[in-house]
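*Asks:* Protein chains in written order, with our numbering: chain R, 1 to 278; chain Y, 1 to 372.
You may find that some hints are simply not true.
To be verified - Pairs of lysine to aspartate or glutamate residues, derived as EDC-like cross-links and limited to a Cα-Cα distance of at most 20 Å, are as follows:
(1) R:K276 x Y:E37
(2) Y:K198 x R:D48
(3) Y:K40 x R:E277
(4) Y:K198 x R:D67
Hints listed in this document are in silico derivations from the structure and should not be mistaken for laboratory results.
Below, each chain spelled out in residue letters.
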Amino acid sequence: MANIPQKIVHQYLRHDKKFPHVWCAGCSNGIVLGAIIRAIASMNLNRDDIVMVSGIGCSSRMPVYIDLNTLHTLHGRSIAYATGVKLHKPHMKVIVVTGDGDCTAIGGNHLIHAARRNIDLTVILINNNIYGMTGGQCSPTTPHDAIATTSPYGNIEPDFNICNLAMGAGASFVARTTAFHVTEMQNYFQSAIEHPGFSLIEVVSACPVIYGRLNKKGGAPQMMKEFRDNSIPLTAVDKLPPEKVAGKIQRGILRKEIHPEFCSAYADLVDRVKDKEV
Amino acid sequence: MQGNEAVAYGALDAGVNFFAGYPITPSTEVAEILAAELPKRGGVFVQMEDEIASICAITGASLAGAKALTATSGPGFSLMQEGIGFAKITETPCVVVNVQRLGPSTGMPTSPAQGDIMQAKWGSHGDSPSIVLYPDSVKESYELTIRAVNLAEKYRTCVILLMDEVIGHMRESVRLPDMANVRVINRIKPTVPPHWYKHYDENQKYLSPLASYGEGYRFHVTGLTHDAHGFPTNKSGEAAEMMEACGRKISYNMRDLVQIESRDMEDAKIAIFTAGITARAAKAAIAMARHEGIKVGLLRPLTIWPFPDDAVRKMLRDVDTVIVPELNQGQMIHEIRRLTKDKSDGDVIPIQRVNGQLITPNDILRKIKEVC
Numbered sequence: 001m002a003n004i005p006q007k008i009v010h011q012y013l014r015h016d017k018k019f020p021h022v023w024c025a026g027c028s029n030g031i032v033l034g035a036i037i038r039a040i041a042s043m044n045l046n047r048d049d050i051v052m053v054s055g056i057g058c059s060s061r062m063p064v065y066i067d068l069n070t071l072h073t074l075h076g077r078s079i080a081y082a083t084g085v086k087l088h089k090p091h092m093k094v095i096v097v098t099g100d101g102d103c104t105a106i107g108g109n110h111l112i113h114a115a116r117r118n119i120d121l122t123v124i125l126i127n128n129n130i131y132g133m134t135g136g137q138c139s140p141t142t143p144h145d146a147i148a149t150t151s152p153y154g155n156i157e158p159d160f161n162i163c164n165l166a167m168g169a170g171a172s173f174v175a176r177t178t179a180f181h182v183t184e185m186q187n188y189f190q191s192a193i194e195h196p197g198f199s200l201i202e203v204v205s206a207c208p209v210i211y212g213r214l215n216k217k218g219g220a221p222q223m224m225k226e227f228r229d230n231s232i233p234l235t236a237v238d239k240l241p242p243e244k245v246a247g248k249i250q251r252g253i254l255r256k257e258i259h260p261e262f263c264s265a266y267a268d269l270v271d272r273v274k275d276k277e278v
Numbered sequence: 001m002q003g004n005e006a007v008a009y010g011a012l013d014a015g016v017n018f019f020a021g022y023p024i025t026p027s028t029e030v031a032e033i034l035a036a037e038l039p040k041r042g043g044v045f046v047q048m049e050d051e052i053a054s055i056c057a058i059t060g061a062s063l064a065g066a067k068a069l070t071a072t073s074g075p076g077f078s079l080m081q082e083g084i085g086f087a088k089i090t091e092t093p094c095v096v097v098n099v100q101r102l103g104p105s106t107g108m109p110t111s112p113a114q115g116d117i118m119q120a121k122w123g124s125h126g127d128s129p130s131i132v133l134y135p136d137s138v139k140e141s142y143e144l145t146i147r148a149v150n151l152a153e154k155y156r157t158c159v160i161l162l163m164d165e166v167i168g169h170m171r172e173s174v175r176l177p178d179m180a181n182v183r184v185i186n187r188i189k190p191t192v193p194p195h196w197y198k199h200y201d202e203n204q205k206y207l208s209p210l211a212s213y214g215e216g217y218r219f220h221v222t223g224l225t226h227d228a229h230g231f232p233t234n235k236s237g238e239a240a241e242m243m244e245a246c247g248r249k250i251s252y253n254m255r256d257l258v259q260i261e262s263r264d265m266e267d268a269k270i271a272i273f274t275a276g277i278t279a280r281a282a283k284a285a286i287a288m289a290r291h292e293g294i295k296v297g298l299l300r301p302l303t304i305w306p307f308p309d310d311a312v313r314k315m316l317r318d319v320d321t322v323i324v325p326e327l328n329q330g331q332m333i334h335e336i337r338r339l340t341k342d343k344s345d346g347d348v349i350p351i352q353r354v355n356g357q358l359i360t361p362n363d364i365l366r367k368i369k370e371v372c
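Assemble the whole structure, with the sequences as input and the hints as a guide.
*Replies:* Now the structure itself:
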C-alpha cells in the first residue's frame, strides 16, 4: 500500500463549507471517513467518478464533509438510490455509507436484494449497536441484554450478524473490522472498491456518548481498547480453542468470490437484444 | 392500443431511458412493455424489491443524468410518498404514473376509482407543491406522458400522471405522431465552471440548471433543508427560501402548466366539472342533453394540480349550477366550492360513486335534468 501522508485527508474534505461536524467527541465515524479518504487517495481514483450515498443516521451525515459527488437520502434507502446511480452510470464507483439501523432495520430489504443482484456497490456499514441520532434506541445489532432507551431493562431480542446476513443474501465480498484497526479498515475499503460486485464491510464502531454511557463501557479510549483486546483475526479462529473464540469480534475478509455482476449482466443483455426491431 | 401501452410508448418517445418499478395491478403493462423495449434502446429497466426502492432508484438515476419514470397503483403510490417528497425537495426530475384503483389498502385492484386526487397533491409529508396531469383517453395518455416527462425536466420536480384503471386497460385506435413532431424538453445544463455551480440557482423564470453526477460538478444533495449550494442548513431564512422556491417555480409558471378543456361552455347554464374517464361519460351526457335543448357544458382539467383557479373561476362565473361527478367520496368538489363562493352549496352538486362501477352518461344526464 502506498504511504499516503496524513495531509491528504484535508484535500478531500469540504472544509470551507460545513465544519464543525455533527459527531460527538469520541465517535468512530471520523476514523472511518479518514480511512475511506486514504483508500480513495491511494487508489488514484478520479473523484469526479465517485459517488458517496448515505441514508439517515449519524454515519449517514458523512457525505456532506467529503468533496465527491454526494447524495444524502432517506432513512434506509441509500442502497436503492445507489442502485439507480450505478445502473445509469456503471463506470462510476458508488460507495454507500450506512449504519446498523439504517441498513439492517428499515433498509434491510434493499440490503439483501442488492446483495442478491451482486450489483457493484461498496457498502460501508458502521455498526455502533444503537440509534445514535435519535438518542440511543435499540437497533437490530444491539446485543442481547444491552441497555438502550427503548430496552431499559436489557434487550430481550437476539442481534443480527450482519456479515452472515450479507453472505446469506449473496454478497460476493464481505469483511469485518473495527474502528481500532485503521490500516486493516483502509485495506478492506480498497479491496472492496476494487472488487467487481456487491461488497459489504462491517466496521464495529464506538458510540461512547450514548451506547457506551448506557452500557457502562467507559469512554472512547476504553471502547477502543475493547476492540483491540476483544477481537481476533479470522486466521486465528481455527487455531484457538472454542472458549477463546466465543464472544470475540472476528475480523477479516469472510468472503471474496467472483460472481456475475448485475450491471455487466445488464450490459450483456443490451448487447444481445439491441439489434432487435425497435 | 391500450392506455398503459400508450404510457409506455409515450415515455420512450419522451426520451425516458430509465425505469425502475414493482409489479402492481392495474399498471403492470407499463413495466412489461418497458422491460421489452428499454434494453433494445440501450436504456435501463430494473425490477426493484418494492415501490419504495423504485422511486429511490429513479431519483438516483435522474441525479446521474437519466430521464427516469416509474409506474404503480394506489398501494405502491402510498409507499412512494416519502421518496416523492425527496425528489421534490431536492428538485430532481422524475415521473410517477399512478393507475388508480378502488379503495384504501388492497381495495378492488381491477376496478376504477379516482380516489388519489388529493393524495397526488398532499400525499407526501410537509408542504410540497405538485404537478399532476390527468388524461381521459388512450391518445391523451400518450401525449400527457410526454408532457409529464417534459415538465419534470423543465421544472426539476417529480411530476405525477394520474390514470384511471379503465383508461389504462381500454383499447382505442391511436395514430401516434411522427417523432419529428414530438416536442421533447431536456433539463437545462449548467454552463458555469464547477466552482461557480450552485445546485439550486434560479433564473428569472424560477427554473434552474441541473448538473449530473460524473460531470465534474461534485454537488451535494440532501433531504435536509438546504441552501442554494445544496448543503444542509438550519437557518430559518434559508429554510424559508428553499420551501418557497419549490412553490414559486410552479405559481410563476401557471400559464405554462395549466391545461383545461372547455366544451359547450359559451352559453351554458349548467357546467360539469370532471376529469379522466368520468369526463368521457360527461361528454356523452352533454351531447344527449344538448339534443334536448339543455344548455350544459364541460370543464375538464388536464392539469389537475396546480388547480386551474383562474380559468375555473372565470368559466364558472356565468353558470347557475356546477355538477361535479367523481369516482370518490368528494375530492375535487371542495376545490370547486372554494372557487364558487358566489354560489350556494346547493348549486355545486356532487355525483359520487365508490363501488367499482363507472359513473354512466345516464347518471349524469339524470342529474342534469333534475337541476335544469
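*Asks:* Checked against the structure, which of the hints given earlier come out wrong?
*Replies:* none
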